[in-house]
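Visitor: The working numbering numbers the first residue of the sequence shown as 57 and each following residue consecutively.
Be aware that a few hints might be false.
Claimed, not checked - Below, computed lysine-lysine pairings styled on BS3-like, alpha-carbon distance capped at 30 angstroms:
1. LYS491 <-> LYS470
2. LYS286 <-> LYS478
3. LYS613 <-> LYS583
4. LYS492 <-> LYS478
5. LYS216 <-> LYS73
6. LYS344 <-> LYS491
7. LYS492 <-> LYS395
8. LYS470 <-> LYS449
9. LYS216 <-> LYS194
Unchecked claim - What follows is a set of in silico ranges between Cβ atoms, one per label pair, in the way DEER data are often shown:
10. GLU511 <-> TYR320: 27 to 35 angstroms
11. LYS373 <-> ASP123: 12 to 20 angstroms
12. ALA457 <-> GLU511: 22 to 30 angstroms
13. HIS321 <-> SER95: 48 to 56 angstroms
14. HIS471 <-> ALA220: 17 to 25 angstroms
15. ASN72 <-> GLU280: 36 to 44 angstroms
Calculated from the structure, these hints are not laboratory results. Here the structure is a predicted model, which means the values were calculated and not measured. Idealized CB from N, CA, C, for every residue including glycine.
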Amino acid sequence: MQELLPEEPFETEVRNKRAIIDRRALLGRIEDIVKEGGSDLDVRTHILAALRDALENGRSEVRRRFDERASGTVVVRSNCYLVDQLIRVVYDHVTTHLFPSANPSTGEVLSLVAVGGYGRGELAPQSDVDLLFLLPYKMTPRSEQVVEAILYFLWDLNFKVGHATRKVSECIRQAKSDVTICTSLLEARWLWGDQSLYIELRKRFQSDLQSQGGAKFIEAKLSERDLRHKRNGGTRYSLEPNIKESKGGLRDLHTLFWIAKFLYHVDDIARLVDQKVFTRQEVRRFEKAQAFLWTLRCALHYLTGRAEERLTFDVQKSLADWMGYTDHAGTQGVERFMKHYFLIAKDVGDLTRIFCATLEAEHNRRSRFRLPSLTRRRSFSGFRLEGERLSVKDASVFENAPIEMLRIFAVAQKHDLDIHPKALRWITQNLKLIKKPLREDPEANKIFLQILCAEEDPETTLRRMNEAGVFGRFIPDFGRVVAQMQYNMYHHYTVDEHTIFAIGILHDIEQGRLSEEAPIATEVVHKVLSRRVLYVAVFLHDIAKGRPGDHSEVGAKVARRDLPAFGIQRRRNRDRRLACAVSSGHERYRLQTRYRRPQDDPGFCGSCAIAGAPQTAAGADGRRHPRRRPQRMERLEGRPLARSLLADGGSSLRRHFI
């Protein structure tokens with residue numbers, strides 16, 4: 057299988073369906089078995105064998121197409137078609153041969169409805185089959201026999217079946233009180249049996265639930281999403297992600313689709329273009345992300361032989377090899393594969409964030425970032441204030457002055473404000489304007505350095521910039537490590553997320569929030585020669601990961617090249633040497649001491665630490681002046697601050713740095 061690239065076109069339609077399963081031929085075979093006669097047990101055994109053959113042959117055909125480059129979207133739709141036809145055959149056999157009724161009464165009609173993901177028309181190789189047996193009134197003896205017989209056939213075929221038997225009124229009543237049932241019915245699809253019952257269900261659902269407004273449904277789905285993210289680590293950059301439930305996974309796309317379908321009554325995400333919710337480019341990103349994630353999920357199911365959703369280290373290499381990712385330019389194939397996944401997850405995050413935040417704004421929901429004293433002002437530091445979010449008049453603001461794409465983050469950081477989703481969308485659409493002239497602009501670099509070294513939570517702002525694509529675009533060397541994973545057991549996040557975490561922890565140490573975990577670092581952090589150099593050094597410490605050669609040495613070269621742009625000029629040689637030494641020496645030191653010295657021992661930490669404090673001398677006027685001779689580093693328990701930050705505080709602190 058060739059490597060699946062994000063730009064590559066993908067097929068979505070199922071071709072030659074009869075090669076997967078021929079329902080008429082299967083019904084004919086069952087008719088022949090019934091005509092041949094025999095005991096009820098023999099007839100059932102032969103019919104079950106015929107159904108198993110059809111199921112196995114169909115699955116083999118779908119797998120063959122997948123191995124020959126069919127996309128995951130085609131696979132899940134092919135599996136859905138296969139199961140649809142089998143269930144229809146089983147239904148016809150049960151209602152025709154086992155419990156026939158030439159003229160069923162009104163109370164005996166039955167509608168078979170697919171719900172959940174199966175109702176959406178998507179069925180992964182090892183996924184459950186969710187069915188709703190829809191009744192007009194209460195259950196009759198014949199209806200009960202039909203439902204039971206169908207379920208026994210499906211269980212004997214080893215399907216994992218989720219099922220419910222309800223009247224239309226029961227469905228609506230439970231959907232009003234349970235958002236999970238409501239979501240399941242939202243995706244309901246008629247499968248077989250009496251279609252008029254299904255049509256009645258759809259009409260009642262639209263009149264009793266959808267027409268009542270979507271605020272409650274949106275609130276419930278977004279809360280559900282937040283809890284799911286929290287259960288799965290709260291980040292899309294975990295190195296062993298759950299491709300279905302984690303942040304940036306398939307379930308985020310499903311949440312977007314559910315809300316869109318509930319509010320706008322659409323069955324295809326492309327119709328959101330007509331609703332002016334998405335642009336065509338954004339719809340394309342949605343479709344590409346969904347196709348990749350489905351391909352990955354199907355491959356994971358086939359590889360493990362079970363409904364596995366986590367990309368654990370033990371399967372990543374096999375998946376990367378199977379999907380055609382090879383080693384390239386100092387990066388392992390598995391690292392390239394995981395980087396592709398994280399970039400897709402980032403796209404999912406961009407789409408869901410913009411979409412959901414837009415809905416929040418439309419329904420007058422307050423942002424979690426509040427500044428009550430400013431809510432009545434229409435403008436702030438040159439930007440508009442809309443519902444406690446910073447925005448701009450239109451996209452031309454960024455088109456005419458690309459530096460505003462940096463400044464809006466700085467203003468939001470300074471005043472603890474969020475950025476309006478419209479502004480984020482316009483920023484994303486104009487990232488191409490962040491070019492060399494802006495990167496070399498002293499004012500732009502000053503703004504970036506202010507964000508990096510700010511007293512007001514640089515971690516959150518840098519993560520927002522990274523999510524919007526501004527961070528990697530403005531600092532191309534950082535852009536190279538965005539979504540870059542390191543295939544070993546000692547790292548928990550991608551390089552970009554690890555770097556942002558490290559800056560956040562440095563800020564927490566400086567603010568005294570980690571005084572118990574890192575007491576020595578908390579003490580010496582205020583005695584460094586240059587606070588700015590320290591922050592820049594932490595930012596640059598992994599900047600060359602994924603490049604050929606020793607990344608610490610290559611990183612030092614990158615640092616020497618980038619430092620002048622940050623205002624650390626040649627005349628400040630001490631600062632340049634210090635930043636290069638700290639950024640390049642961290643990894644070498646960590647590897648040398650990780651398994652040899654007790655890093656949690658304060659005595660050891662103190663023996664190798666140096667904190668920076670400029671030496672001063674009294675002048676004739678009695679004031680303290682820096683010495684003119686080259687500055688030397690004052691020893692404080694003998695340990696460099698950067699090493700202190702890595703060595704101090706035990707595993708809870710080191711976990712974020714490695």
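Visitor: Holds or violated: LYS216 and LYS194, Cα atoms, limit 30 angstroms.
Guide: Answer holds: LYS216 to LYS194 is near 26 angstroms, not above 30 angstroms.
Visitor: Is 48 to 56 angstroms right for how far apart the beta carbons of HIS321 and SER95 are?
Guide: 52 angstroms, holds
Visitor: Has the given pair, LYS492 with LYS478, been kept, meaning a C-alpha gap of at most 30 angstroms?
Guide: Given pair LYS492, LYS478 holds - Cα atoms ~26 angstroms apart, limit 30 angstroms.
Visitor: Can you let me know if the beta-carbon spacing of ASN72 and GLU280 is within 36 to 44 angstroms?
Guide: Holds, since ASN72 and GLU280 (Cβ atoms, about 39 angstroms apart) stay within the stated range.
Visitor: Is LYS216 within 30 angstroms of LYS73, Cα to Cα?
Guide: 24 angstroms, holds
Visitor: HIS471 and ALA220, beta-carbon distance inside 17 to 25 angstroms?
Guide: Since HIS471 and ALA220 have Cβ atoms about 51 angstroms apart, the given range 17 to 25 angstroms is violated.
Visitor: What's the verdict on LYS491 and LYS470, does the C-alpha distance respect the 30 angstroms limit or exceed it?
Guide: 25 angstroms, holds
Visitor: Is LYS613 within 30 angstroms of LYS583, Cα to Cα?
Guide: Holds, because 27 angstroms separates the two Cα atoms, which is no more than 30 angstroms.
Visitor: Between LYS286 and LYS478, does the CA-CA distance stay at or below 30 angstroms?
Guide: Answer holds: LYS286 to LYS478 is near 26 angstroms, not above 30 angstroms.
Visitor: Given the hint that LYS344 pairs with LYS491, test it: the Cα-Cα distance must not exceed 30 angstroms.
Guide: 27 angstroms, holds
Visitor: Taking the CB of LYS373 and the CB of ASP123, does the distance hold inside 12 to 20 angstroms?
Guide: For ASP123 against LYS373, whose Cβ atoms are near 19 angstroms apart, the range 12 to 20 angstroms holds.
Visitor: State, for the Cβ atoms of GLU511 and TYR320, whether the hinted interval 27 to 35 angstroms holds or is violated.
Guide: 44 angstroms, violated
The structure fails hints 10, 14 (numbered hints given earlier, in ascending order).
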